[in-house]
Amino acid sequence: MAKQIRIALRNCGVIDPERIEDYIARDGYMALASVLTDLSPEAVIEILKKSGLRGRGGGGFPAGIKWEITRNVVADQKYVVCNADEGDPGAFMDRSILEGDPHVVLEAMTINGYCTGASRGLIYIRAEYPLAVERLKTAMGQSRSMGLLGENILGTGFNFDIDIRYGAGAFVCGEETALIHSMEGLRGEPTVKPPFPSVEGYLKKPTNVNNVETFANIPIIINKGWKWFSSIGTEKSKGTKVFALAGKINNVGLIEVPMGTTLREVIYEIGGGIQYGKAFKAAQTGGPSGGCLTVKHLDTPIDYDNLIAAGSMMGSGGLIVMDEDDCMVAIAKFYLEFTVEESCGKCSPCRIGNKRLFELLEKITQGNGTMDDIDKLRNLGTVIKETSLCGLGQSSPNPVLSTIDNFPEEYHEHVTGKKCRSKVCKSLMQYLVVADKCIGCTLCARNCPVDAISGERKQVHFIDQSKCIKCGACMDKCKFNAIIIN
Amino acid sequence: MAKLETANALMELREALKEKGAALSQANSPLSTIQVKVTMATCGIASGSKPVFEFMKDELSKRNIPAKVTQVGCMGFCYAEPTIEITIPGKSPVIFGYVNLKKADEIIEHFIRKGEEIEGSIQINYETA
Chain A
1 MAKQIRIALR NCGVIDPERI EDYIARDGYM ALASVLTDLS PEAVIEILKK
51 SGLRGRGGGG FPAGIKWEIT RNVVADQKYV VCNADEGDPG AFMDRSILEG
101 DPHVVLEAMT INGYCTGASR GLIYIRAEYP LAVERLKTAM GQSRSMGLLG
151 ENILGTGFNF DIDIRYGAGA FVCGEETALI HSMEGLRGEP TVKPPFPSVE
201 GYLKKPTNVN NVETFANIPI IINKGWKWFS SIGTEKSKGT KVFALAGKIN
251 NVGLIEVPMG TTLREVIYEI GGGIQYGKAF KAAQTGGPSG GCLTVKHLDT
301 PIDYDNLIAA GSMMGSGGLI VMDEDDCMVA IAKFYLEFTV EESCGKCSPC
351 RIGNKRLFEL LEKITQGNGT MDDIDKLRNL GTVIKETSLC GLGQSSPNPV
401 LSTIDNFPEE YHEHVTGKKC RSKVCKSLMQ YLVVADKCIG CTLCARNCPV
451 DAISGERKQV HFIDQSKCIK CGACMDKCKF NAIIIN
Chain B
1001 MAKLETANAL MELREALKEK GAALSQANSP LSTIQVKVTM ATCGIASGSK
1051 PVFEFMKDEL SKRNIPAKVT QVGCMGFCYA EPTIEITIPG KSPVIFGYVN
1101 LKKADEIIEH FIRKGEEIEG SIQINYETA
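So the sequences go chain by chain: A and B. For the first sequence, my numbering assigns the number 1 to the initial residue and increments by one for each residue that follows. For the second sequence, my numbering assigns the number 1001 to the initial residue and increments by one for each residue that follows.
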């Protein structure tokens, strides 16, 4: 049996995204037609609830319940929002869906409008995705001219139309309250929930926010039925998940696997194993909000709950594979640097706390850390998670906490041994000349950008550690392997 | 395309389009033709799929090989972009990776015209719902 089942990606790579005929030939807009003519909004919501579909943006909230909450609020105007503000480093699931199958999102949003009582939809998309925007606009034009979007859809009297709103690339705007404020023309900052957007969202009206991939699952659930969908996956996580598989893996790619697939199957069967036959060390799920999975998690079925139990989270679907050459302290620092940059600054735990976490990590990677610093990281990280205003701060310490939990020995080595086993942390490295290999050709000295290498011709050379900037130029140039990293 | 006034009109259109689409891949239909799909999402284009797309369109017609060349979204094989999928009527689709103009030429001459097996095909490792 194939390890992958393409549900959200079923049309990607199959149809021409700029031809609505291709989409219709693949049963496109059939779900909308059957919803508008045969099903009540309650019946559709019931199908979704029974299907077990959970939000694919990362949180995993049951989609049917969200729709129901929005439906049950009485208001003169409601909105449907598609969250296409994909911002995790190395993640491109939503972009691929929008570029390969834009109509599926339009169809699902229209169905959502029918179920919740909204007549307007908004797609909040990064301005950095110009091709996705262009294809969405083409698709919207086509569906409007065919009577599948706009007024009196398919002659049923139902009206629904969609606009595009551009995000300027702030990571925090993927958080739904910040996203809504950004669309309102305000600063993209989160606010306290409740009220949830389903009750009070865009322009204070009930607003149903779902992610691109969540929407991409909707039409086929209606066409094929909730029983079919809920037969795929695990007990509490139904269906499939799209992952952007990246990092030190042979077959970098966009994959879609049933919930419950193990990391081992993903890495070794679908991903073709680790590059250059190296050893697997860890996989980061959930980007800057997630944690790392290690060798001991290789056979854990991947679903929402197991990932949380492992100290990580599903996130939107970035899956970055790391091998023996990656330093876990440096990885944690990399993600923290991203968070510090992207924190909106509204609440102090996130604004100040993450900065302090970053500084502690920097201290450790520079060889100045103490064992006390590791405890501080753990304590501060826990406080930030518990006290931050929105999902960004509530999850940003995860990469630090999970690397401390899973790789305590690496932190200890950096602190007590002043050593980085993966030879990544430059401050802890020394380039040295091996005396019996150096023939004194002077090539290294001539290529050193900071004149840190001295030595007479035909004499063993010497690297002045106080001047060396650890660029590695000498090691690259040496023809006799006479320079090593200590 | 004309406006669809009812759900039935949509269903009729779908049936017609489905039939037409199926006929393209059948071995002995008057409509059957070679189908070429070129991955043209951002990732594919960044790896050079646009010239490959133009090349396939122009060269197949110059060399009098009737074919339908279309752009599609991501097939998922990022490591091997640009990727293209060839369906010869009556046969299963074959995906090729790392397609540059030289490879595209080889695909046209050897795989399509002469029906030979050539290197560089990618195992399709998924089912589609």
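Check the hints yourself; a few may be wrong.
[To be verified] Computed list of chain A residues with no C-beta within reach of chain B, every gap over 10 Å:
id, residue
1, Pro41
2, Gly59
3, Glu99
4, Tyr166
5, Gly260
6, Gly440
7, Lys479
[As the list claims (entries may be wrong)] Now the stretches of chain A that chain B is said to cover, found in silico as 3 or more residues with beta-carbon under 8 Å:
id, stretch
8, 60–70
9, 89–96
10, 380–393
[What the hints assert, rightly or not] Computed cross-link-like contacts, DSS-like style, restricted to lysine-lysine with a CA-CA straight-line distance of at most 25 Å:
id, chain 1, residue 1, chain 2, residue 2
11, A, Lys3, B, Lys1091
12, B, Lys1091, A, Lys137
13, B, Lys1018, A, Lys224
14, B, Lys1050, A, Lys224
15, A, Lys3, A, Lys205
16, A, Lys426, A, Lys458
Think of the hints as simulated: they come from the structure by calculation, not from any bench. From the three backbone atoms N, C-alpha and C, an ideal C-beta is built for every residue, glycine too.
Structure-based check of each hint:
no.: 1; hint: Pro41; verdict: holds, 17 Å
no.: 2; hint: Gly59; verdict: holds, 24 Å
no.: 3; hint: Glu99; verdict: violated, 4 Å
no.: 4; hint: Tyr166; verdict: holds, 17 Å
no.: 5; hint: Gly260; verdict: holds, 16 Å
no.: 6; hint: Gly440; verdict: holds, 44 Å
no.: 7; hint: Lys479; verdict: holds, 33 Å
no.: 8; hint: 60–70; verdict: violated (count 0)
no.: 9; hint: 89–96; verdict: holds (count 3)
no.: 10; hint: 380–393; verdict: violated (count 0)
no.: 11; hint: Lys3/A - Lys1091/B; verdict: holds, 23 Å
no.: 12; hint: Lys1091/B - Lys137/A; verdict: violated, 35 Å
no.: 13; hint: Lys1018/B - Lys224/A; verdict: holds, 18 Å
no.: 14; hint: Lys1050/B - Lys224/A; verdict: violated, 36 Å
no.: 15; hint: Lys3/A - Lys205/A; verdict: violated, 42 Å
no.: 16; hint: Lys426/A - Lys458/A; verdict: violated, 29 Å
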